[in-house]
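Student: Quick note, the sequence shown lines up with residues 1 to 279 if you use the numbering used here.
Hints listed in this document are in silico derivations from the structure and should not be mistaken for laboratory results.
Heads up, the beta-carbon is just placed ideally off N, CA and C, and yes, glycines get one too.
Be aware that a few hints might be false.
Claimed, not checked - Label pairs and their in silico Cβ distance ranges:
#	residue 1	residue 2	range
1	Ile259	Phe14	27 to 35 Å
2	Gly167	Ile143	32 to 40 Å
3	Tyr106	Thr237	49 to 57 Å
4	Asp67	Arg188	45 to 53 Å
5	Lys75	Arg13	27 to 35 Å
6	Leu136	Asp16	49 to 57 Å
7	Arg188	Val257	27 to 35 Å
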Amino acid sequence: MKLGNLRALLGSRFLDLLTIGVVAAFLFPYLFMVSSAFKTRLDTFAYPPIFWGFTPTLEHFENIFSDMNILYYMKNSTIIAVCSTLLTILISIPATYSFARFRFHYKEGVAYGFLFLQMVPGISIVFALFFIAGSLNLSDTHIFLIVVYLLWNVPYAIWMMRGFVEGIPVELEESAMVDGASRFKAFRLITLPLMAGGIAATAILIFIGVWNEFSVAFFLTSTEARTMPTTIAFFMTHSGIKWGPMFATATIGTLPVVIFALLVRRYFISALTFGAVKG
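Let's have the full structure, built from the sequences with the hints guiding it.
Tutor: Listed below in structure tokens is the structure:
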């Protein structure tokens with residue numbers, strides 16, 4: 001084997017091993033959490049930690065379904081995540097089209113203003129939001145939490161989908177309008193179907209982000225609209241942390257998102273690589 005080919009082969013193998021190592025490092029905490037959800041209380045506190053060879057048990061899952069009514073919180077998360085995602089997409093599509101196709105004063109300034117809003121951490125204004133919710137008698141409601149998530153998700157969606165719209169040749173719309181179609185009809189029949197991949201990718205990322213959000217939901221809800229991530233606080237008691245039920249709840253809470261992400265992973269790839277191949 002030539003020296004150059006040997007170096008290329010060794011470099012390829014090194015990259016493969018490095019990739020496997022990085023993936024394993026990221027997967028380890030999640031796999032440890034899932035395995036710990038099936039351990040007995042004694043095995044959970046074992047030192048050194050037990051990774052395999054223990055007898056699985058479902059007692060923690062039975063406890064959270066019977067004592068905590070976890071399905072109620074999953075219902076809240078589903079309602080808030082789905083409604084927030086749909087409203088975000090409905091608002092962002094016309095806004096994105098305007099930024100991509102029309103010319104108006106201070107367009108880029110407004111666009112960067114949206115980006116700034118998306119970059120503001122929610123925890124920095126959560127107390128102001130808490131006061132507003134109380135003033136409007138909307139504390140601990142699905143509606144207020146959905147509206148709050150729109151403040152961050154709409155700017156994010158606009159920036160995500162803008163690249164997809166700009167990647168669609170404007171000549172396609174112009175040809176349709178020359179044939180007598182209105183701008184709205186050209187957008188509905190040509191541009192909207194072509195940007196379906198961008199819409200799907202954006203909706204997926206927004207849904208997962210809302211489902212996993214903790215800090216804002218923790219401060220703005222208590223019982224009626226409490227979401228799945230905030231239930232972790234239930235297991236931090238004066239007598240210690242209930243690790244088994246906490247791991248079981250986290251496993252149940254992340255399972256829908258993991259399955260969802262695996263089913264639609266090709267849209268993730270589309271969203272992350274679109275800018276690289278645009279040309």
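Student: Hints first: check each against the structure and report whether it holds.
Tutor: Hint-by-hint comparison with the structure:
{"no.": "1", "hint": "Ile259 x Phe14: 27 to 35 Å", "verdict": "holds, 33 Å"}
{"no.": "2", "hint": "Gly167 x Ile143: 32 to 40 Å", "verdict": "holds, 35 Å"}
{"no.": "3", "hint": "Tyr106 x Thr237: 49 to 57 Å", "verdict": "holds, 53 Å"}
{"no.": "4", "hint": "Asp67 x Arg188: 45 to 53 Å", "verdict": "holds, 51 Å"}
{"no.": "5", "hint": "Lys75 x Arg13: 27 to 35 Å", "verdict": "violated, 48 Å"}
{"no.": "6", "hint": "Leu136 x Asp16: 49 to 57 Å", "verdict": "holds, 56 Å"}
{"no.": "7", "hint": "Arg188 x Val257: 27 to 35 Å", "verdict": "holds, 32 Å"}
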